[in-house]
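So the sequence shown is numbered by the working numbering: it starts at 13 and just counts up by one.
To be clear, the hints were calculated from the coordinates, so they are not data collected in a lab.
Glycine is no exception: its CB is placed at the ideal position from the N, C-alpha and C atoms.
Just so you know, not all the hints are guaranteed correct.
To be verified - Simulated pairs of lysine to any residue, SDA-like, Cα-Cα distance not exceeding 25 Å:
#: 1; residue 1: K77; residue 2: G42
#: 2; residue 1: K75; residue 2: G54
#: 3; residue 1: K45; residue 2: A72
#: 4; residue 1: K62; residue 2: M13
#: 5; residue 1: K77; residue 2: G39
#: 6; residue 1: K62; residue 2: N27
#: 7; residue 1: K45; residue 2: S70
#: 8; residue 1: K60; residue 2: R48
#: 9; residue 1: K45; residue 2: P23
#: 10; residue 1: K60; residue 2: M13
#: 11; residue 1: K76; residue 2: E55
#: 12; residue 1: K76; residue 2: G43
#: 13; residue 1: K62; residue 2: G24
#: 14; residue 1: K45; residue 2: I31
#: 15; residue 1: K77; residue 2: T65
#: 16; residue 1: K77; residue 2: T41
#: 17; residue 1: K60; residue 2: L14
#: 18; residue 1: K77; residue 2: R61
#: 19; residue 1: K77; residue 2: N67
#: 20; residue 1: K60; residue 2: E30
#: 21; residue 1: K75; residue 2: G36
What the hints assert, rightly or not - Computed spacing ranges between beta-carbons, pair by pair:
#: 22; residue 1: K76; residue 2: K45; range: 33 to 39 Å
#: 23; residue 1: K76; residue 2: R48; range: 25 to 31 Å
#: 24; residue 1: K62; residue 2: M13; range: 29 to 35 Å
#: 25; residue 1: I16; residue 2: I52; range: 34 to 40 Å
#: 26; residue 1: E55; residue 2: E35; range: 17 to 23 Å
#: 27; residue 1: S74; residue 2: V22; range: 16 to 22 Å
#: 28; residue 1: V15; residue 2: S74; range: 16 to 22 Å
#: 29; residue 1: N27; residue 2: I52; range: 32 to 38 Å
#: 30; residue 1: S21; residue 2: R73; range: 29 to 35 Å
#: 31; residue 1: E55; residue 2: S21; range: 17 to 23 Å
#: 32; residue 1: K76; residue 2: G54; range: 19 to 25 Å
#: 33; residue 1: D57; residue 2: S33; range: 18 to 24 Å
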Amino acid sequence: MLVIAQIESVPGWDNLEEILSVEGLSGITGGPKILRSMGIPGEPDNPKRKELTSNIESMARSKKK
């Protein structure tokens with residue numbers, strides 16, 4: 013079974029490490045609402061978006077997700 017959590021808010025981001033620790037979770041994805049909630053919708057080259065993506069990837073890899 014593949015279980016993916018979708019992060020859609022700043023509180024989700026703030027609790028990402030805890031979310032990634034959930035037993036049985038296969039991985040995560042970020043939805044468009046998190047970008048809007050951080051004030052960077054539709055801005056693929058925004059440095060804040062690139063940093064967010066990099067941080068999510070690093071945390072997920074560290075938890076083997």
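Ascending list of hint numbers which this structure does not respect: Hint check: 2, 4, 10, 11, 17, 22, 25, 26, 29, 30, 32, 33 fail, others pass.
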